[in-house]
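Put together the whole structure using the sequences plus the hints.
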Amino acid sequence: MNNEVKATSAEINSQELRLKGFKVYEVGTSVNPVPSYSRRDFYKIGLFTGEVTIHYADRAIAMSGTTLLFTNPHVPYSTELHSATMTGYSCLFTEEFIKAGDRSDSLQHSPLFKIGGTPVFSLTAEQAAYITGIYQKMLAEQRTDYVFKNDLIRTYIQLLIHEALRMQPAENFFQPKNASSRIASLFLELLERLFPVESPEQVLPLKTAQDFANRLSVHVNHLNRAVKEVTGKPTTALIADRIISEAKALLHHTNWDVAAIGYGLGFDSASYFNSFFKKHTGNTPLAFRRAV
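Number 206 in the numbering used here belongs to position 221 of the sequence shown; there are no gaps in the numbering.
Because the hints were derived from the structure by calculation, they are not lab data.
Cβ atoms here follow ideal geometry from the backbone N, Cα and C, with glycine treated the same way.
Check the hints yourself; a few may be wrong.
Pair ranges (Cβ atoms, derived) [said to hold, decoys possible]:
no., residue 1, residue 2, range
1, LEU150, ALA114, 15 to 21 Å
2, LEU124, LEU150, 20 to 26 Å
3, THR269, ASN163, 52 to 58 Å
4, TYR257, LEU124, 22 to 28 Å
5, ARG128, SER230, 41 to 47 Å
6, THR269, SER202, 34 to 40 Å
7, SER63, GLY217, 22 to 28 Å
8, ALA255, GLY118, 53 to 59 Å
With a straight-line Cα cutoff of 20 Å, these simulated PhoX-like cross-link-like pairs (lysine-lysine) come out [as the list claims (entries may be wrong)]:
no., residue 1, residue 2
9, LYS213, LYS233
10, LYS192, LYS218
11, LYS5, LYS84
12, LYS213, LYS134
13, LYS99, LYS84
14, LYS134, LYS99
15, LYS99, LYS218
16, LYS213, LYS263
17, LYS5, LYS192
18, LYS192, LYS264
19, LYS134, LYS122
20, LYS122, LYS99
21, LYS5, LYS99
Here it is as structure tokens:
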């Protein structure tokens, strides 16, 4: 069975998440709506009970019983459900929320969230009961008007993190049989997440095949082979095609100047952007804008 995990809470609004920096909700498999948030913006700690395969970067892990999962917003993941039901809780939060007033290292350096880490824990009945209690306290606190509510929820999240650090992570990750397809799919999903560019100041964080390979924790040659095998195109060509597509949309639908568009798309200079655009379209950005 292959079901989609859905939230039992009211619709999770992405703008609300951005404003508050956190959201806690119950998880089920049969009640709409699916949480609508941009995964690249939020860290997630999930507690769920059921039989699942968790796909994280190019690895997979089969779990049953109650599982605690930590996800980095920069690493694509998905949960494939094999049992009839799946229940639990999820907590979404930004790094800015959890580290308010804290100058310690980024969460991306944490053993639980770092790229290449093992973010999955199989819980005993006692551990599951304790972690469930923390989520229930967060849910209750989320509904209050307590002036220091955010501080208290931050404490609960930190408690989840510290409890996990004391546990032994699950190590039964395996390479899926269709590894090339999986890696190519992760690359394409990650590429699509970079768009749309919503402001000239939103510079693309990933621009080269090596950038994507680093983010996905695979060797760049492995990524290139998988992408070419599945799509028939080189990784660099797919990246270029997507950047050109976004450039055309920005030239057509915004009044940003050409230099600002180029900067937002990761080009250090307007002349470099002009050359890149002309190479792939036959026109300069300004000529394309005038023609549409």
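Status of each hint after checking the structure:
{"no.": "1", "hint": "LEU150 x ALA114: 15 to 21 Å", "verdict": "19 Å, holds"}
{"no.": "2", "hint": "LEU124 x LEU150: 20 to 26 Å", "verdict": "23 Å, holds"}
{"no.": "3", "hint": "THR269 x ASN163: 52 to 58 Å", "verdict": "42 Å, violated"}
{"no.": "4", "hint": "TYR257 x LEU124: 22 to 28 Å", "verdict": "50 Å, violated"}
{"no.": "5", "hint": "ARG128 x SER230: 41 to 47 Å", "verdict": "43 Å, holds"}
{"no.": "6", "hint": "THR269 x SER202: 34 to 40 Å", "verdict": "38 Å, holds"}
{"no.": "7", "hint": "SER63 x GLY217: 22 to 28 Å", "verdict": "24 Å, holds"}
{"no.": "8", "hint": "ALA255 x GLY118: 53 to 59 Å", "verdict": "56 Å, holds"}
{"no.": "9", "hint": "LYS213 x LYS233", "verdict": "25 Å, violated"}
{"no.": "10", "hint": "LYS192 x LYS218", "verdict": "17 Å, holds"}
{"no.": "11", "hint": "LYS5 x LYS84", "verdict": "13 Å, holds"}
{"no.": "12", "hint": "LYS213 x LYS134", "verdict": "50 Å, violated"}
{"no.": "13", "hint": "LYS99 x LYS84", "verdict": "16 Å, holds"}
{"no.": "14", "hint": "LYS134 x LYS99", "verdict": "28 Å, violated"}
{"no.": "15", "hint": "LYS99 x LYS218", "verdict": "30 Å, violated"}
{"no.": "16", "hint": "LYS213 x LYS263", "verdict": "25 Å, violated"}
{"no.": "17", "hint": "LYS5 x LYS192", "verdict": "30 Å, violated"}
{"no.": "18", "hint": "LYS192 x LYS264", "verdict": "17 Å, holds"}
{"no.": "19", "hint": "LYS134 x LYS122", "verdict": "11 Å, holds"}
{"no.": "20", "hint": "LYS122 x LYS99", "verdict": "27 Å, violated"}
{"no.": "21", "hint": "LYS5 x LYS99", "verdict": "24 Å, violated"}
When each numbered hint is compared with the structure, violations occur for hints 3, 4, 9, 12, 14, 15, 16, 17, 20, 21.
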